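Student: Read off the chains here:
Protein chains: 2
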Amino acid sequence: MYIGIDLGGTNIAAGLVDENGKILHKFQTPTLAERSFEEIVSDMAMAAERVISDSKISRSDIKSIGVGSPGAIDNQNGTILFAGNLGWKNAPLKAELERLTGFETNIENDANAAAYGEYFMHGGGISDFIFITLGTGIGGGIIIDGKIYRGFNGAGAELGHNTLIFGGDMCSCGKRGCWEVYGSVSGLIKQTKDAIKKHPDSLMAKLKSGRGTVDGKTAFDAAKQNDPAAKAVVTQYLEYVADGICSLVNIFEPEVLLIGGGISKEGNFLLGPIKEYCEKNYFCKSIRQTKLGIAKLGNDAGIIGAALSEKRG
Amino acid sequence: MYIGIDLGGTNIAAGLVDENGKILHKFQTPTLAERSFEEIVSDMAMAAERVISDSKISRSDIKSIGVGSPGAIDNQNGTILFAGNLGWKNAPLKAELERLTGFETNIENDANAAAYGEYFMHGGGISDFIFITLGTGIGGGIIIDGKIYRGFNGAGAELGHNTLIFGGDMCSCGKRGCWEVYGSVSGLIKQTKDAIKKHPDSLMAKLKSGRGTVDGKTAFDAAKQNDPAAKAVVTQYLEYVADGICSLVNIFEPEVLLIGGGISKEGNFLLGPIKEYCEKNYFCKSIRQTKLGIAKLGNDAGIIGAALSEKRG
Numbered sequence: 001m002y003i004g005i006d007l008g009g010t011n012i013a014a015g016l017v018d019e020n021g022k023i024l025h026k027f028q029t030p031t032l033a034e035r036s037f038e039e040i041v042s043d044m045a046m047a048a049e050r051v052i053s054d055s056k057i058s059r060s061d062i063k064s065i066g067v068g069s070p071g072a073i074d075n076q077n078g079t080i081l082f083a084g085n086l087g088w089k090n091a092p093l094k095a096e097l098e099r100l101t102g103f104e105t106n107i108e109n110d111a112n113a114a115a116y117g118e119y120f121m122h123g124g125g126i127s128d129f130i131f132i133t134l135g136t137g138i139g140g141g142i143i144i145d146g147k148i149y150r151g152f153n154g155a156g157a158e159l160g161h162n163t164l165i166f167g168g169d170m171c172s173c174g175k176r177g178c179w180e181v182y183g184s185v186s187g188l189i190k191q192t193k194d195a196i197k198k199h200p201d202s203l204m205a206k207l208k209s210g211r212g213t214v215d216g217k218t219a220f221d222a223a224k225q226n227d228p229a230a231k232a233v234v235t236q237y238l239e240y241v242a243d244g245i246c247s248l249v250n251i252f253e254p255e256v257l258l259i260g261g262g263i264s265k266e267g268n269f270l271l272g273p274i275k276e277y278c279e280k281n282y283f284c285k286s287i288r289q290t291k292l293g294i295a296k297l298g299n300d301a302g303i304i305g306a307a308l309s310e311k312r313g
Numbered sequence: 001m002y003i004g005i006d007l008g009g010t011n012i013a014a015g016l017v018d019e020n021g022k023i024l025h026k027f028q029t030p031t032l033a034e035r036s037f038e039e040i041v042s043d044m045a046m047a048a049e050r051v052i053s054d055s056k057i058s059r060s061d062i063k064s065i066g067v068g069s070p071g072a073i074d075n076q077n078g079t080i081l082f083a084g085n086l087g088w089k090n091a092p093l094k095a096e097l098e099r100l101t102g103f104e105t106n107i108e109n110d111a112n113a114a115a116y117g118e119y120f121m122h123g124g125g126i127s128d129f130i131f132i133t134l135g136t137g138i139g140g141g142i143i144i145d146g147k148i149y150r151g152f153n154g155a156g157a158e159l160g161h162n163t164l165i166f167g168g169d170m171c172s173c174g175k176r177g178c179w180e181v182y183g184s185v186s187g188l189i190k191q192t193k194d195a196i197k198k199h200p201d202s203l204m205a206k207l208k209s210g211r212g213t214v215d216g217k218t219a220f221d222a223a224k225q226n227d228p229a230a231k232a233v234v235t236q237y238l239e240y241v242a243d244g245i246c247s248l249v250n251i252f253e254p255e256v257l258l259i260g261g262g263i264s265k266e267g268n269f270l271l272g273p274i275k276e277y278c279e280k281n282y283f284c285k286s287i288r289q290t291k292l293g294i295a296k297l298g299n300d301a302g303i304i305g306a307a308l309s310e311k312r313g
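Protein sequence lines, in the order shown, are assigned to chains P and Y. In terms of my numbering, the first sequence opens at residue 1 and continues consecutively. In terms of my numbering, the second sequence opens at residue 1 and continues consecutively.
Heads up, some of the hints might be wrong.
The list makes no distinction among identical chains, and a pair is therefore deemed to hold if it is satisfied within one copy or across any two copies.
Derived pair list, reagent style BS3-like, types lysine-lysine, alpha-carbon separation capped at 30 Å [said to hold, decoys possible]:
no., residue 1, residue 2
1, Lys217, Lys89
2, Lys26, Lys190
3, Lys275, Lys89
4, Lys285, Lys190
5, Lys280, Lys89
6, Lys285, Lys89
Calculated from the structure, these hints are not laboratory results. Please read these numbers as outputs of a predicted model, since none were measured by experiment.
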């Protein structure tokens with residue numbers, strides 16, 4: 001039995017995970033990210049203990065703790081090199097959690113952990129696997145030969161920072177034209193807002209007025225009701241997403257590539273056009289066999305992947 | 001001892017390679033790519049035999065033959081799935097060479113083979129390594145944990161077909177805006193020709209008139225003599241190249257990335273601005289440690305890599 005902790009900017013989610021990736025119990029507490037490192041780690045340890053005590057299992061049944069954390073991670077030393085949204089730099093997360101809990105602890109990047117969770121639960125025998133999440137940014141993880149690919153010092157797999165438009169809009173990373181500028185949900189929201197300004201009579205504009213806000217669903221919802229302006233936004237957005245996926249498949253040719261993040265709930269409305277675009281645009285189309293799909297685990301992916309990546313991967 | 005054969009569109013180059021990657025003898029013969037598969041394979045076998053007989057070694061000293069071939073390769077079966085410049089489709093290269101020579105034969109994509117050669121001769125202990133060649137297109141190879149990364153069915157590592165400009169100029173692969181459209185030597189030649197049209201009084205234009213042609217050196221040569229139009233071409237071209245490299249480093253964070261192809265002879269005139277651009281534009285700059293460099297082996301990389309990749313990798 002393992003404990004997986006998904007450390008997010010909003011919540012600390014801990015789960016008791018068995019050998020097969022089943023979550024037996026979960027506990028969640030707010031991160032309150034503006035707090036000190038020590039306070040947050042203390043709550044992470046508390047969440048782990050709470051999962052154990054709630055489950056009424058023995059502490060000796062727990063083999064290890066795994067954490068999925070935002071930021072650039074030194075997986076060897078268990079240090080968070082840099083996590084902007086938590087304000088952490090060279091934070092010794094492994095050492096501190098091990099001191100507090102006594103359990104051996106492994107620290108993984110959150111997108112890598114989620115990728116491993118999706119990979120693991122997708123079933124065995126897949127050699128090369130890619131997972132991307134469309135959210136505030138575009139996160140990603142790469143599994144090669146059943147192991148998380150981290151790069152030379154653990155800061156690899158920044159799939160959202162592959163350029164899509166050279167010299168394009170500025171990304172939060174300081175480079176122009178990154179895929180995540182256009183293909184993230186933040187990008188979609190910006191594209192939706194721009195279209196609403198241009199088309200104040202569109203259904204999108206009405207949805208905005210009714211709901212009081214624009215989110216990642218606004219354009220999709222209006223497009224499903226045949227709003228032409230919304231359909232144009234969705235088509236363009238999905239081409240941005242698909243082109244980035246097409247590039248990744250040209251580079252990696254994984255056996256499976258799954259798309260996650262809240263927007264992946266759009267299902268085939270999202271996946272259909274992406275598949276179509278990719279099949280038209282792959283290099284050497286006739287022999288590409290990558291299976292594109294929608295991720296299944298939602299937020300549980302991070303907990304499962306964090307718990308099992310070091311033990312099984 | 002091994003035989004490495006680099007099968008190019010112009011020449012078949014065979015070499016006798018020892019365990020340390022040293023080429024002891026070479027033999028070269030024209031490919032005459034318009035000929036039939038059988039004729040070309042026959043000349044490849046002949047080149048291998050010629051290397052052995054010239055070297056006056058015993059056939060029993062040869063452990064295997066390795067071939068670096070253009071195109072998409074099924075490495076398991078030794079089949080060329082598709083090689084446009086040779087007009088081959090599902091060509092059983094391994095089987096045919098084994099029948100003709102009696103030596104166990106391994107078929108590798110030529111860029112992968114060259115990448116392995118550069119990796120091997122760069123010295124041991126590098127975990128993740130990327131090699132790109134700037135030529136007619138952009139070729140590339142990825143070495144992970146000492147092994148060539150081929151993707152699910154051997155058609156991965158098409159690094160030149162990562163998008164640089166979404167919706168940009170059409171690439172020979174059928175997708176718009178691929179990195180190789182802008183960053184290959186063919187791209188540079190096009191950019192040079194466009195600039196000469198706009199600046200008919202530039203030194204570039206004079207070099208063109210004198211030499212009777214525009215090649216990958218025209219803009220570099222004129223830029224070194226301070227031709228403003230040529231300097232603009234070179235600056236822009238190197239930003240295209242550098243941005244693509246920056247994306248690859250964000251994705252892979254390899255320990256070492258080497259740049260090859262004839263244009264890499266420009267040395268620091270090429271590498272300096274690329275390094276500067278990358279250091280400014282990396283994701284999470286402070287922790288990136290990838291070493292960028294110029295490849296050293298030239299055409300020998302393919303022979304060495306083909307000979308050794310399956311044996312040592």
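Student: Among the hints numbered above, which are violated by the structure, and what are their numbers in rising order?
Tutor: Violated hints: 1, 2; rest satisfied.
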